[in-house]
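Engineer: Chains as they are written, first to last, in the working numbering: chain A, 1 to 113; chain B, 1 to 116.
Just so you know, the hints here were simulated from the structure itself, not pulled from any lab data.
Hints may be right or wrong, so weigh each one.
Below, a list of computed lysine-lysine pairs in the DSS-like style, where the Cα atoms sit at most 30 Å apart [stated by the list, open to error]:
(1) LYS69(B) / LYS101(A)
(2) LYS49(B) / LYS101(A)
(3) LYS69(B) / LYS58(B)
(4) LYS57(A) / LYS69(B)
(5) LYS58(B) / LYS68(B)
(6) LYS49(B) / LYS57(A)
(7) LYS49(B) / LYS69(B)
(8) LYS68(B) / LYS49(B)
(9) LYS101(A) / LYS57(A)
(10) LYS13(A) / LYS69(B)
(11) LYS58(B) / LYS101(A)
(12) LYS57(A) / LYS13(A)
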Amino acid sequence: KAGVTQTPRYLIKTRGQQVTLSCSPISGHRSVSWYQQTPGQGLQFLFEYFSETQRNKGNFPGRFSGRQFSNSRSEMNVSTLELGDSALYLCASSSGTGLEKLFFGSGTQLSVL
Amino acid sequence: AQSVTQLGSHVSVSEGALVLLRCNYSSSVPPYLFWYVQYPNQGLQLLLKYTTGATLVKGINGFEAEFKKSETSFHLTKPSAHMSDAAEYFCAVSPAGGTSYGKLTFGQGTILTVHP
């Protein structure tokens, strides 16, 4: 069974640009969560999607948005990039039934110059 | 509200020695507790989790953790460290009952170094 796949693996952008990250969950999983990981703030929850609906949201500005498609694949978008958005963005999938055993992808390393 | 405190951002042990990584949590509701490991340039891998039942939880790679409600702790241990255990370890908490909807609250992480 394939794991959680995140693309691209690395991204370099400049301030003011926007970026879209992609996540393909484990087959059969309907929940996709997104996390931001930085050395200073650690792992912070961005949002969670289940069956194309956002069920939960962290404390991030509106520049951070996401969506989920009918095949459970998810995308995360960050608009008007800031230097502080440089981070490892991790996607995790689960069945969504509540025990929250999350399976993480290897992440997308975003650098904002 | 929930929070996690991992005592010690760096822990160093010799190969074959006991590994003890400390985690204390704060939660206004019964918690689910997790330990994850992250190797360089990789995502997080679940080591073990506590939901209900037995308070001593065994995980992968010889790790185990004990949920102590009175101490609000969930420390991770391994009797004998191996070089391959060198990684960063994260303790995490979510509210029990399955309503966290993907949200785990993580500690700041502990980097484990294993010396030959």
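Engineer: Each hint needs a verdict: does it hold in this structure or not?
Structural biologist: Structure-based check of all given hints:
1. LYS69(B) / LYS101(A): holds (21 Å)
2. LYS49(B) / LYS101(A): Roughly 8 Å between the alpha carbons, so the hint for LYS49(B) and LYS101(A) holds.
3. LYS69(B) / LYS58(B): Holds - the C-alpha atoms of LYS58(B) and LYS69(B) are around 17 Å apart, at most 30 Å.
4. LYS57(A) / LYS69(B): holds (28 Å)
5. LYS58(B) / LYS68(B): holds (15 Å)
6. LYS49(B) / LYS57(A): The given pair, whose Cα atoms are some 23 Å apart, holds under the 30 Å limit.
7. LYS49(B) / LYS69(B): holds (15 Å)
8. LYS68(B) / LYS49(B): holds (14 Å)
9. LYS101(A) / LYS57(A): Cα-Cα ~18 Å, so holds.
10. LYS13(A) / LYS69(B): violated (46 Å)
11. LYS58(B) / LYS101(A): Measuring from Cα to Cα gives roughly 15 Å; hence the hint holds.
12. LYS57(A) / LYS13(A): Status holds; Cα separation ~25 Å.
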